[in-house]
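Whenever a hint applies, use it, and build me the whole structure from the sequences.
Quick mapping for you: the protein sequence lines, in order, are chains A and B. Going by this note's numbering, 194 is the number at position 194 of the first sequence; the sequence numbering is gapless. Going by this note's numbering, 245 is the number at position 245 of the second sequence; the sequence numbering is gapless.
These are calculated hints, taken from the structure and not from any lab test. Every residue gets a Cβ at the ideal spot worked out from N, C-alpha and C, and that includes glycine. A hint or two may mislead.
As the list claims (entries may be wrong) - Calculated from the model, a selection of chain B residues having no Cβ within reach of chain A, i.e. all distances over 12 Å: (1) Leu-39; (2) Leu-61; (3) Pro-115; (4) Gly-119; (5) Arg-146; (6) Thr-158; (7) Gly-164; (8) Val-168; (9) Val-199; (10) Ser-273; (11) Leu-276; (12) Leu-277.
Said to hold, decoys possible - Quick look at which bits of chain A chain B covers, simulated, 3 or more residues with Cβ under 8 Å: (13) 115-125; (14) 262-275; (15) 311-318.
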Amino acid sequence: MTTRKPLARLKGGNNEGVVVLVLVVLVVAMTVANPEFLSFSNLFSIVRSSLVPTVLALGVLMVIISGGIDVSFTAIAIFAAYSTVTWVGQRGAGTLLLLVLACAVGAALGLVNGLVISKLRLPTLIVTLGTSTMFKGVLIAYIGAQYIADLPDAMARFGNANVLSIPSAGEVANLHVFVIPVAVLCVLVWWVLSHTMWGRSLYAYGGDPEAARRAGFPVVRAQIILYTAVGVLAAIGGLMHVTLSRNANPQDLVGTELDIIAAVVLGGASIFGGRGSVLGTVLGVFLIQIIQNSLILVGIPSVWQRAAVGAILILGVGVQALSAKRSSRKVFAYAGEEVVAA
Amino acid sequence: MSPTGSTTGRTTTPGRVNDEVDARTRSLVSRLQMERGTLRMLVLTVAAFLLFTILNPTVFLDPLNIVNMAVAAPEIGLLAIAVMVAMLTGGIDLSVVAIANATGITIASLSSHFPHAGGATTGLIVAVGFLVGLLGGVVNGLLISRVGITPILATLGTMQLFNGLAIVYTGGKTLYGVPGQLTTFGEATLAGVPLLFIVFVLAAAAVAVVLNRTPLGLKLFLQGSNVKAAQYSGIRLTRTLMATYALSGALSALSGVVIVARNPTASADYGSSYVLLVIVIAILGGTNPSGGFGTVTGVVLATLTLQIVQTGFNIERLSNYEYAIAQGVILILTLVVDQVSRRRRLNRRAKPRSTSTTTPEVAQ
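Printed below as a string of structure tokens:
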């Protein structure tokens with residue numbers, strides 16, 4: 001690490017530097033096209049829309065680092081949040097109780113994923129595809145299919161709670177209070193990933209499952225904890241989503257999982273496992289949210305949102321793939337033949 | 001539709017007896033597994049059919065109901081085969097539904113420009129729609145084989161891109177109306193069997209022939225079982241990948257044609273729940289998501305099974321969400337049963353022989 005060249009250090013271990021560069025270019029371009037972009041109210045609204053994706057992305061990041069792919073986290077998120085809202089109703093439960101309930105539901109559902117994946121060593125994408133349809137099905141068939149506009153007081157209270165209000169240009173720009181828990185979660189996940197044995201075991205397992213096993217990491221236990229933790233993160237994300245949108249709709253969130261995965265991958269996490277960082281993930285989420293929120297500000301119709309995200313994703317992973325190809329060519333150059341391309 | 005892809009076109013390389021023996025063992029192992037998968041699928045299909053027949057014979061066995069199932073299954077089945085083809089090389093294609101919709105939208109949009117199209121024009125319109133879908137597959141192929149993006153990411157990106165462009169083109173609205181002949185074709189039957197179902201069976205048979213009786217099929221299976229080995233035996237990986245995703249795109253495009261033939265509307269968000277469903281079907285049909293195994297027969301049977309379960313649930317007045325639960329349960333149970341029986345088999349063999357470790361581990 002210490003011998004790295006300054007340029008390589010700037011680039012970051014997972015191309016965070018490149019994402020920062022793209023973000024800066026995007027922000028400058030958008031500001032030039034429409035100075036309104038840099039206003040507090042717009043920036044705060046981008047932050048607000050990034051809150052839930054960031055929390056969900058943290059879970060996805062951990063799974064991707066371990067070499068898996070989870071597509072069930074959105075189903076867990078809405079399941080935990082909606083069922084909590086349904087059970088609590090107007091019984092006047094406190095915020096803490098709500099949080100504990102939702103997290104318990106999320107942990108239980110995540111545990112199902114973890115047990116099936118780790119004990120039976122099944123492919124993660126396929127298992128979570130299956131559990132995701134099951135969770136959503138159980139939620140709507142047996143728990144409730146109705147849109148709930150009447151949130152418990154403990155949640156409704158947070159809907160408009162702001163930590164910072166800046167009056168600007170005749171209106172007030174509000175920064176939602178949830179930035180604090182989201183920031184805490186980011187730091188927590190960063191710390192766990194970089195400073196605990198369990199966090200390191202995720203990188204080890206993602207890098208090479210067999211090597212991690214032989215090195216003595218308790219990989220089955222690590223995976224069970226992983227998917228349970230992802231369930232808890234998803235539940236927190238789900239509660240935040242319900243609180244911020246001020247209603248509980250069981251049809252929400254499911255269907256956005258690929259957008260979140262795209263953000264994490266754009267943030268430099270390797271889909272093969274073993275690489276990824278919290279910083280990159282947060283940057284990736286911001287990149288996607290800026291594109292989705294602000295195209296309209298620079299005069300591009302909102303119908304272009306999806307195509308733009310797709311194009312950015314292809315561009316991002318394409319550049320990564322091409323540079324990986326170039327460096328692998330360097331490695332294999334001695335063999336006197338091109339290994340990657342025909 | 002022989003389920004194995006490795007009996008034809010094998011050439012003996014002199015001085016490589018060891019590899020030859022290894023390849024033979026592998027093909028034997030894989031053939032056994034494939035046939036087990038197909039047989040199990042057949043049992044499941046028949047069991048599902050019998051179950052719903054017993055539960056409600058008058059409604060379920062009604063010819064109209066059977067025809068409805070045969071008309072609804074082809075579009076899903078074609079998409080599932082498209083995903084299976086990509087899985088054979090160890091990849092995946094998430095963009096199949098987006099490609100099918102692109103084809104459908106092209107056909108609907110062209111037909112609104114030529115409202116009174118004759119037979120030749122209709123053919124031309126369908127051909128253009130098909131080519132648009134094929135082009136989508138070629139884009140996937142280029143990104144995966146030339147640029148070197150992982151299939152799941154490349155097709156995740158193109159799924160969003162194609163879908164996004166479709167939203168831009170249609171403005172998010174549904175397009176109505178396709179050429180009359182296409183609708184007539186969609187409603188026509190031959191000896192009581194809907195033409196759409198016949199198209200499905202013919203396309204499936206064609207893919208089976210390509211996979212099992214042509215060099216391309218052999219390369220595809222080889223590349224899926226062992227990329228390195230395929231590479232060192234002189235297979236041009238980029239070409240095989242290109243052909244794989246072009247074929248996947250062509251099948252998705254055909255599914256798009258079937259969709260608009262059945263229902264004369266096209267929109268960018270049609271079948272958004274199909275992406276996961278067709279992956280479930282491909283896996284259920286015995287396809288190994290890490291590559292190397294898979295049969296068209298298995299996938300066709302899995303399509304029919306899920307169609308039977310869906311229709312059966314409808315007849316029993318169970319909701320679509322209960323059908324979704326069933327989908328998940330069937331998928332996970334199949335995986336679990338597979339894994340448990342495979343482990344038992346491996347344990348039994350572990351003592352006398354160590355070759356059983358050549359079976360690819362389904363880890364991620």
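Non-interface claim for Pro-115 of chain B, where every Cβ of chain A lies beyond 12 Å: holds (26 Å)
Least C-beta distance from Leu-61 of chain B to chain A larger than 12 Å: About 27 Å separates Leu-61 of chain B from the closest Cβ of chain A, which puts it past 12 Å; holds.
Given coverage of the stretch 262-275 of chain A by chain B, tested with a Cβ cutoff of 8 Å and a minimum of 3 residues: Contact hint for the stretch 262-275 of chain A vs chain B: holds, 5 residues under 8 Å.
Assertion that Leu-276 of chain B lies outside the chain A interface [Cβ separation over 12 Å]: Given that some Cβ of chain A is not farther than 12 Å from that of Leu-276 of chain B, nearest at about 5 Å, it is violated.
Outside-interface status for Gly-164 of chain B - nearest CB in chain A farther than 12 Å: violated (3 Å)
Closest CB of chain A to the CB of Leu-39 of chain B still more than 12 Å away: holds (21 Å)
Assertion that Ser-273 of chain B lies outside the chain A interface [Cβ separation over 12 Å]: violated (9 Å)
Nearest-CB test (12 Å) between chain A and Leu-277 of chain B: violated (8 Å)
Interface-negative label, Thr-158 of chain B against chain A, beta-carbon threshold 12 Å: violated (7 Å)
Assertion that chain B covers the stretch 311-318 of chain A - criterion: three or more residues, beta-carbon distance below 8 Å: holds (count 5)
Minimum Cβ-Cβ distance from Val-168 of chain B to chain A exceeds 12 Å: Given that some Cβ of chain A is not farther than 12 Å from that of Val-168 of chain B, nearest at about 5 Å, it is violated.
Beyond 12 Å from each Cβ of chain A, as asserted for Gly-119 of chain B: Per Cβ check, Gly-119 of chain B is outside 12 Å of chain A; nearest 35 Å; holds.
Hints 5, 6, 7, 8, 10, 11, 12 from the earlier list are contradicted by this structure; the remaining hints agree with it.
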